[in-house]
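Peer 1: Order-wise, the sequence lines are chains A and B.
FYI, the numbering used here numbers position 71 of the first sequence as 71, with every residue one higher than the one before it.
Position in the second sequence (from 1) plus 293 gives the number in the numbering used here.
Treat the hints as calculated values from the structure; they're not laboratory data.
By construction, the Cβ of each residue, glycine as well, lies at the ideal position given by its N, Cα and C atoms.
A portion of the hints provided could be inaccurate.
Footprint (simulated), chain A over chain B, 3 or more residues, beta carbon under 8 Å [said to hold, decoys possible]:
(1) 421-427
(2) 431-437
(3) 579-593
Facing chain B, from chain A, some residues (calculated, C-beta under 8 Å) [unchecked claim]:
(4) Leu-101
(5) Tyr-102
(6) Ile-113
(7) Phe-233
(8) Val-236
(9) Leu-281
(10) Pro-285
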Amino acid sequence: MFELLGVPPQALMGQLLLGLINGAFYALLSLGLAVIFGLMNVINFTHGAQYMMGAFVAWMLLQYAGIPYWGALVLAPIIVGATGIVIERLLISRLYHLDHLYGLLLTFGLALIIEGLFRQQYGSSGLPYTNPIPGGQNLGFMFLPWYRGWVVAFSLAVCLVTWFTIERTKLGAYLRAATERPELVQAFGVNVPRMITLTYGVGVGLAALAGVLAAPIYTVNPTMGSNLIIVVFAVVVIGGMGSIAGSIVTGFGLGVVEGLTKVFWPEASATVIFVIMAIVLMVRPQGLFGTPR
Amino acid sequence: MTNRSILAASGRTSSGRTASGRPASGRNVELIVFAVLVAGLTVAPLMVYPILLMKVLCFALFACAFNLLIGYGGLLSFGHAMFFGFAAYVSGYTIKAWGFPTELGILAGAAVAAVLGLVAGSIAIRRQGIYFAMVTLALAQMVFFFCLQAPFTGGEDGIQAIPRRPIFGVIDISRDIVLFYVVLAIFAAGFLIIWRTIHSPFGQVLKAIRENEARAISLGYAVDRFKLMAFVLSATLSGLAGATKAVVFQLASLTDVTWQMSGEVVLMTLVGGMGTVFGPIVGAAVIVVMQNTFTGFGEWVLVAQGCIFVLTVLLFRRGIVGEIVALAQRRRGEEDAAPPPVAEPADKQPPSDRGGVRASAAAGPSEASAPVSS
Chain A
1 MFELLGVPPQ ALMGQLLLGL INGAFYALLS LGLAVIFGLM NVINFTHGAQ YMMGAFVAWM
61 LLQYAGIPYW GALVLAPIIV GATGIVIERL LISRLYHLDH LYGLLLTFGL ALIIEGLFRQ
121 QYGSSGLPYT NPIPGGQNLG FMFLPWYRGW VVAFSLAVCL VTWFTIERTK LGAYLRAATE
181 RPELVQAFGV NVPRMITLTY GVGVGLAALA GVLAAPIYTV NPTMGSNLII VVFAVVVIGG
241 MGSIAGSIVT GFGLGVVEGL TKVFWPEASA TVIFVIMAIV LMVRPQGLFG TPR
Chain B
294 MTNRSILAAS GRTSSGRTAS GRPASGRNVE LIVFAVLVAG LTVAPLMVYP ILLMKVLCFA
354 LFACAFNLLI GYGGLLSFGH AMFFGFAAYV SGYTIKAWGF PTELGILAGA AVAAVLGLVA
414 GSIAIRRQGI YFAMVTLALA QMVFFFCLQA PFTGGEDGIQ AIPRRPIFGV IDISRDIVLF
474 YVVLAIFAAG FLIIWRTIHS PFGQVLKAIR ENEARAISLG YAVDRFKLMA FVLSATLSGL
534 AGATKAVVFQ LASLTDVTWQ MSGEVVLMTL VGGMGTVFGP IVGAAVIVVM QNTFTGFGEW
594 VLVAQGCIFV LTVLLFRRGI VGEIVALAQR RRGEEDAAPP PVAEPADKQP PSDRGGVRAS
654 AAAGPSEASA PVSS
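Could you build the full structure based on these sequences and the hints that come with them?
Peer 2: Dropping the structure here:
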C-alpha cells in the first residue's frame, strides 16, 4: 500500500520514528508547561530557553568537565532546575498577585536574555554533541538507531512517572489540591509557596531533560528552544492544559502527525500543527482534553 | 476566569468622576499634545536623520495599533508581526512586480492585513487571556513559515529594491525628506483613527469588555463581534505601518514576520505605557533609538530588550507615559484636599486575588480614557 503512494516503507518508518522523537519533546515540554501553569497560573515562556540550556549544560559538562552523556542526563536537569528555582524566587514570585499576562511578559523577557547571552557567547551556528550509543539494529522493515529508540522509550517512561506522581501519589494529591484551592491547602499546614517553587524547578528540569535528550540528535544551538516553544504552545492549545495524560497523548500524537506530513507533503510539515490548532479551536475551543469554563 | 484585565491588575485606579465628567477636556488636551507633537515632527528632519524618524513613525503606528487591542480591549496578541510583515510583503510585491502606484500598494498591504486579521481574529477570540496570546503567536508562526516557503516573498532574500514611485503621480518620494512628510501624514491619519475609535461608543464598549466581560455580555453586547472588530482594525493599521515601512526601506523581509518582531511591539507598548494614548509612540521611539545605538553590539540588543522587559514588568508596569500621568494625578490629588480625590495612589488599591479578577471587576472605567487630562 505504501509503495502505491510512492513512499518506500523505510522512509515512512524513519519519519515516523523522527515524529515520535519530536513528539517525545513536545510531550515533555508541554507536560512541564501544564504542571507549572496548573499551580502558578504562569505560562512559562522561558521554557524553550531552559530546554536549550539543558542541551548546552550537557555540552559544557562534556567539554569542560569531561562528564559524559549519562552524567549529564542527571546533572543538567538539576543544574537548570536550580536556576529555575532562583528565577522563580527572585522574579516570578513577585507577580502572582497580578494578571497572568505579566508572568508571560516577564518570562518572555527572560527568554530573550538567556537566548541573547548564549548567542553572544556561542554564535548561532550550532555545536555538535557525540551520540552516546552509536549503531542500531535493522528490524527488517526499517533501521532503528539505538539512540533514537532510547529517546522514545526513556521520555515515555519519564512522562509515565510524572503522570503517576501527580495522579496517584500523596505528593501529587497535595499538588492537585493546591492547584484547585491554594489558600485552603495552605490553611491545612502545607507550605504552598515552597511547593510552587519546587514545582517550577521540576517543570524546568523536565525541559532541561528534553534538551539533554535532544543534544545528540540536533546540534546544540541557542535558537533551538525559541523555535520549539511556539510549536509546544500550539500543542498545549490543542490538548488543553487540564489533563496531564492529555498533554502526553497530544504531544506524541502531534509528533507522529508531523512526521507523516513530512512523508506525504513535506512543504506543509512546518505548519501542520498550527493548522490543526486552528481547526481544533473552531470545533472545540477548550482543546481536546480541556474542560470549558 | 472570563475577564482578565491587565490594566486593572496593574494597579491603575479609576474614578467615576473622571470618566463621566472630564472626557471632553481630556480629549482636547490629547489633541493639543498631538498637534504639538506633529508640529515638532515637521521640523525634526532638520536635526535628525529622516530615515530614522520614518522608522520611529512606522513603529509608533504599529505600536498604537497594537495598543488598541491590549490597552483598550485587554487582548494581548503575541502575533502582530504577521500583519506588519505580511502587509510589507504585499505592498512590496504589488509595487515591484505588478507595478502598482505607491499609494495603492500601501493600501493593498493594509487591505490584505485586514483580511488576515479577520481570519486570525475569528480563530483567536475563541480563547481568552493567556490562551489568546499563545494562539496568536502560533498563527503568526504559521504565517512566518508561509512567507518562508511561498515563491513570491523571495525566501531568505525578501523583496528588495522596491521602487519609490511618485505618490498620486505628482509627489516625488525618491528624496527621503519628501517621503518623511508622506509617512508623517500616514502616521497622523492612523493615529487619529485610533484616537477616534478609543473615544467612540465602540471604544467605550471595548473598555467595558476589558473591565468585565461577563457584565458586558449580560448587558446584551455581542462581545465577540466587538473583539473581532477591534482585532481587524488593529490588524489593518498594523498592516498600514508595515506596508509603509516596506516603502521607506524599499525592502520587505522575513525579519518583519518573526516572533521577535511580535515581541518588539509588545515591548514598545509596555515601555511607553499600555492603555495610554501616547505611550506607544514614546515606547517606539525609545526602543528604535536603543536598537540603533546598539547595532554594533551584536546579540546584546536581544539581551538589552529582555532586560527592559523584565525591569518594566517588575518595576514600572504603567510604562513611561503611564507613570507620568499617575504622578501628575497624585500631585493634583494632594493639591485638591476636598474629597473625593480624582485618583488614589496605586498603592492604596485593595490587594487583588491571584488572577486580578476581583480587582478588575471592582474597577470602573479606566483612567486611560483621559490620560493627560491633568
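Peer 1: Now tell me, hint by hint, if it's right for this structure.
Peer 2: Against the structure, the hints:
By the rule of at least three residues with a Cβ nearer than 8 Å to a Cβ of chain A, the coverage given for the region 421-427 of chain B holds, with 5 such residues. Proximity of the region 431-437 of chain B to chain A, defined as three or more residues with a beta carbon under 8 Å from a beta carbon of that chain, is established by the 4 residues found. Given a C-beta distance limit of less than 8 Å, the hint that chain A covers the region 579-593 of chain B holds, as 3 residues qualify and 3 suffice. At about 5 Å, the closest approach between the beta carbon of Leu-101 (chain A) and any beta carbon in chain B falls short of 8 Å, and the interface hint on this residue holds.
A hinted interface residue such as Tyr-102 (chain A) counts as satisfied when its beta carbon comes closer than 8 Å to some beta carbon of chain B; here the least separation is about 5 Å, so the hint holds. Proximity of Ile-113 (chain A) to chain B holds as hinted, the smallest CB-CB distance being about 3 Å (cut-off 8 Å). Because the beta carbon of Phe-233 (chain A) sits about 4 Å from the nearest beta carbon in chain B, less than 8 Å, this interface hint is met. Here the hint on Val-236 (chain A) is kept, as its CB sits about 7 Å from the closest CB of chain B, short of 8 Å.
Because the closest C-beta pair between Leu-281 (chain A) and chain B is about 5 Å apart, less than 8 Å, the hint holds. Restraint check, Pro-285 (chain A) versus chain B: the minimum CB separation of about 4 Å is within 8 Å; hint holds.
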